[in-house]
Amino acid sequence: MGHIAATGLIDCDIHPAVPGMKALLPYFDVHWQEVIDARGVDGLDLAYYPPNAPVSARPDWRVPGRKAGSTLADMQAQALDAFGISRGILNCLYGGPAMYSADLGAAICCATNAWVAAEWLDQDDRLRASIVIPVQNTELAVDEIERWAPDRRFVQILLLGAHESLLGQREHWPIYKAAEKHGLPIAIHAGSAMRHAPTANGWPSTLYEDHVSFAQTFQSQLLSLIAEGVFTKFPALRVVLLESGISWLPSFFWRGTKMWRGMRKEIPWVDASPAAIVRDRVRFSLQTWDLPPDPAQLDQLLEQIGGDDNFLFSTYYPHWRFDGDDPSRGLRPALLGKAMRETPLATYPRLKETV
Amino acid sequence: MSSSTLQAPAKPKDAAIKLVDCDIHPTVRSLKDLHPYMSARWREHLDTFGQRFRQAFVASTAFPKATPQLARRDAWPEDGSPPGSDLAMMQRQHLDANGIDRGMLFPLFPRALDERNIECAHAVCRAINDWQVAEWIEPEPRLKGTITVMAEDADGAVAEIERCAKLKGFAQVALVTRPIEPLGRKRYWRIYEAAVHHGFPLGLHNSGNNGHAVTAGGSPSFYFEEHQAVSMSLHAMATSFILEGVPERLPELKIVVVEGGFAWAAPLAWRMDGLFDRFRSEVPHLKMKPSEYLRRNFWWTTQPMEEPEKPEQLRQTLDWMGWDRIVFASDYPHWDSDDPRHAFKIRMSEAEKRGIFAGNAEAIYGERLA
Amino acid sequence: MSAAVMTRHVVAKVGEIPEKGSKLVKVKGRPIALFHVDGEYFAISNTCPHAGGSLCHGKLIGLIRSSEPGVYERTRPFEMLQCPWHGWEFDIRTGQSYCDPDSIKARSYAVTVKDGAELAEGPFVAETFPVSIEDQYVLIEMK
Ligand code: FES
Chain A
33 MGHIAATGLI
43 DCDIHPAVPG
53 MKALLPYFDV
63 HWQEVIDARG
73 VDGLDLAYYP
83 PNAPVSARPD
93 WRVPGRKAGS
103 TLADMQAQAL
113 DAFGISRGIL
123 NCLYGGPAMY
133 SADLGAAICC
143 ATNAWVAAEW
153 LDQDDRLRAS
163 IVIPVQNTEL
173 AVDEIERWAP
183 DRRFVQILLL
193 GAHESLLGQR
203 EHWPIYKAAE
213 KHGLPIAIHA
223 GSAMRHAPTA
233 NGWPSTLYED
243 HVSFAQTFQS
253 QLLSLIAEGV
263 FTKFPALRVV
273 LLESGISWLP
283 SFFWRGTKMW
293 RGMRKEIPWV
303 DASPAAIVRD
313 RVRFSLQTWD
323 LPPDPAQLDQ
333 LLEQIGGDDN
343 FLFSTYYPHW
353 RFDGDDPSRG
363 LRPALLGKAM
373 RETPLATYPR
383 LKETV
Chain B
2 MSSSTLQAPA
12 KPKDAAIKLV
22 DCDIHPTVRS
32 LKDLHPYMSA
42 RWREHLDTFG
52 QRFRQAFVAS
62 TAFPKATPQL
72 ARRDAWPEDG
82 SPPGSDLAMM
92 QRQHLDANGI
102 DRGMLFPLFP
112 RALDERNIEC
122 AHAVCRAIND
132 WQVAEWIEPE
142 PRLKGTITVM
152 AEDADGAVAE
162 IERCAKLKGF
172 AQVALVTRPI
182 EPLGRKRYWR
192 IYEAAVHHGF
202 PLGLHNSGNN
212 GHAVTAGGSP
222 SFYFEEHQAV
232 SMSLHAMATS
242 FILEGVPERL
252 PELKIVVVEG
262 GFAWAAPLAW
272 RMDGLFDRFR
282 SEVPHLKMKP
292 SEYLRRNFWW
302 TTQPMEEPEK
312 PEQLRQTLDW
322 MGWDRIVFAS
332 DYPHWDSDDP
342 RHAFKIRMSE
352 AEKRGIFAGN
362 AEAIYGERLA
Chain C
169 MSAAVMTRHV
179 VAKVGEIPEK
189 GSKLVKVKGR
199 PIALFHVDGE
209 YFAISNTCPH
219 AGGSLCHGKL
229 IGLIRSSEPG
239 VYERTRPFEM
249 LQCPWHGWEF
259 DIRTGQSYCD
269 PDSIKARSYA
279 VTVKDGAELA
289 EGPFVAETFP
299 VSIEDQYVLI
309 EMK
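Chains as they are written, first to last, in the working numbering: chain A, 33 to 387; chain B, 2 to 371; chain C, 169 to 311.
Note that these hints are calculated values from the structure, not bench results. Bear in mind the structure is a predicted one, so any value in this text is a computation, not a measurement. Keep in mind that a hint or two might mislead.
Said to hold, decoys possible - List time: in silico DSS-like cross-link candidates among lysine-lysine, alpha-carbon distance up to 25 Å:
| # | chain 1 | residue 1 | chain 2 | residue 2 |
| --- | --- | --- | --- | --- |
| 1 | B | K169 | B | K19 |
| 2 | C | K273 | B | K311 |
| 3 | C | K181 | C | K227 |
| 4 | B | K66 | C | K188 |
| 5 | B | K66 | C | K227 |
| 6 | A | K265 | A | K213 |
| 7 | B | K354 | B | K19 |
| 8 | C | K181 | C | K311 |
| 9 | C | K196 | C | K273 |
| 10 | C | K194 | C | K311 |
| 11 | B | K346 | C | K273 |
| 12 | C | K273 | C | K191 |
To be verified - Coverage of chain C stretches by chain A, computed from C-beta distances (three or more under 8 Å per stretch; other residues unrestricted):
| # | stretch |
| --- | --- |
| 13 | 220-234 |
| 14 | 254-263 |
Idealized CB from N, CA, C, for every residue including glycine.
Only chain A is shown next, with the shape it has when bound in the complex (with noise of 0.2 Å):
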């Protein structure tokens, strides 16, 4: 085991894998069951993982016959237990955000949810969850944030990196108006409900350049929080992004400061540069996988973004982002110092409340 063992970690980035549609029947009202039973509604793994693709799990966390990372055993075995993870919180990225109907949609986030809850809080007390939300339509989004807020092992939102629309635009303000009232960040996944092409310039041919140009429409969430205003209506509101990687952000911000500069007039809400903004509000998850192999050149990075504290440890169980048995390898002690502890609990209030 790696040296983070013994320093009461928190892992901001675990997937539970839903098996398929009928474990989740439990938790869907009769009339949803008789749907899904009678359309055979299931496969709703996200295309961004496809659970046999090499990015989706790691070689030795697969276990035959069943999805990595689909029972509480696994992940205590693998990673909860091997990792000494004192808390970590569950996304679970599976259909409801994406489905075309938002009533479907609905039921199935509302059954997910129920089932992290039942099924993995209820049975280990490490685990912490976010709840996942229909953003097909924000009354219906919202009553799911109010119908899980109370349940205070559920410590943030999460939502996909891309929807119908992006994060920022207004119609979106009564989600970031419920998230800041009850304490919970907003967490962006990459994944993506395909309503546009992964690319401005269309379908790619493969999977991996989706994850490679990921960190396109990260960026281009970003823009879209702050230039519509959200995180200036929205003061105490926080935004952490998963699995985005980390070594887009110099370029990102030299950008976005210098067009700030040159049209702050067209968002005059936005009072400070993007750079100042996103430095304040924003934390990301952190491994290695898109870093810098030359360790000068990882210093100057990290110089060049700024600022130890914006990075939550994240192993991202089950998937494939790091290999051997620590997932820290690679990162100064620095770094790790506070992103194992000290930043996720000042980014999740909830997390304080029990650690």
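Given chain A, put chains B and C with the ligand in place with the hints provided.
Chains B and C with the ligand in isolation, oriented as in the chain A frame:
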């Protein structure tokens, strides 16, 4: 040997060109300027229907820009015709004033690269190419042309490259950077083969509206966002070329990424390499790491200049990507253009300056800059 | 160190610069952008501190601020100068940039308007500028 010969030795060849500007935008006063270069059929068509794009407005881009005509406010000719439409003014204000020895023309307006009517697009591309030769390159030999082709119909694009290869003054081939499919896709490969065959680099300046949202998460509200999203589309473009295997198949292909900045180049290489092991089985056609293709086949123009928070970070960025990969561009006469005297806020060695302002461009374009 | 002597330089005749217009003038060899807004005159260094844009070609706009997303509050009409190149905004009264007022500024100069008759009493530097007692003139003060 006369004394005057002694006093004025022939300049060494490599010192002849001191400043190459890899992005200058000439434009027409109106579409009528292209009439001499089009058949009556297309003149009448354009007069009646105009150009048709995948967007809402007849005569505006989808997002209103920062300034009228996207231009620097000091670049309007006295008679009110559009900035970039007056050669004498371009010479006075830019080529002479800034000591530009070679300038690469990038005609963006009128737009033809993403016109929806394919035959009309080819007709306008041909007209723009002939207009460049007759009205810019012949009267001003410091200027070099860009063969603009309409990529969605590769046959027509290849034919236009063949045609222009016989004319004097063209240095590269341009196609739209936001086409209907990402530029690495197979339907465009014949165009790249033709470019390589004739020894033309691709000059890829962000352009076009393919009807896809400019971000995977939908269309933004503000130009502040859209301008950056369009720049980022060039990151996706480079990714597409590499992962689809274009430089693997065409090792000689040179791709110059224009007006997208450059601080993203090294981080993109890290990200592609970082994921390479996970996705290797999906791209068995790649024989090298993605970063190696990026390092071998791609160049970047300087504009819009990166403005890091600390000047030395600019040097770090250039160290990461390689000083031989970057060429100066002004983007004259657009609002976000860079002045060669002010753009770099770091001290550079003579060799570094020489590379950025001329040597690297000579390495890309070779004899076509002569 | 003793203060350099302040000199006043006649740079324009009142009426010569149209409302919301500008004039590029030179004082002691320095290019200065002179603006006219609603009867007042403002002078700032013509060279944009960002990357050298010629500020006399800039556009005078209002100060746009906001207390709330979607709300655009315009005050101080035509007292902000938008650089003709990258659009940074400068306060024509102080030369300060909007986005970074403490560290990025265009130098501003004091401007006065005087009757030609007053000027006849001197001292001022007219350089190549003919002065008549019937008119009013714009003067820039410079150390
Ligand atoms: S030169 Fe004035 S804003 Fe850039």
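We went through each hint and held it up to the structure:
With a C-alpha separation of about 22 Å, the suggested pairing of K169 (chain B) with K19 (chain B) holds against the 25 Å cut-off. With a C-alpha separation of about 18 Å, the suggested pairing of K273 (chain C) with K311 (chain B) holds against the 25 Å cut-off. Only pairs whose Cα atoms come within 25 Å are accepted, and K181 (chain C) paired with K227 (chain C) is accepted, the gap being roughly 22 Å. A distance of roughly 23 Å separates the Cα atoms of K66 (chain B) and K188 (chain C); the hinted pair therefore holds under the 25 Å criterion.
A C-alpha spacing of about 15 Å is found between K66 (chain B) and K227 (chain C), which places the hinted pair at or below 25 Å, so the restraint holds. Under the criterion of a C-alpha separation no larger than 25 Å, the hint pairing K265 (chain A) with K213 (chain A) is consistent with the structure, at around 13 Å. Taking the CA atoms of K354 (chain B) and K19 (chain B), the gap is about 10 Å. The hint holds against a cut of 25 Å. At most 25 Å may separate the alpha-carbon atoms for a hinted pair to count; K181 (chain C) and K311 (chain C) meet this at roughly 22 Å.
At most 25 Å may separate the alpha-carbon atoms for a hinted pair to count; K196 (chain C) and K273 (chain C) meet this at roughly 20 Å. Taking the CA atoms of K194 (chain C) and K311 (chain C), the gap is about 14 Å. The hint holds against a cut of 25 Å. With a C-alpha separation of about 17 Å, the suggested pairing of K346 (chain B) with K273 (chain C) holds against the 25 Å cut-off. Distance hint between K273 (chain C) and K191 (chain C) is fulfilled; the C-alpha atoms sit about 20 Å from each other, no more than 25 Å.
Counting residues of the stretch 220-234 of chain C whose CB lies closer than 8 Å to any CB of chain A gives 4, which reaches the minimum of 3, so the coverage claim holds. Residue count for the stretch 254-263 of chain C with a Cβ under 8 Å from a Cβ of chain A: 4. That meets the three needed, and the coverage hint holds.
Taken one by one, the earlier hints all hold for this structure without exception.
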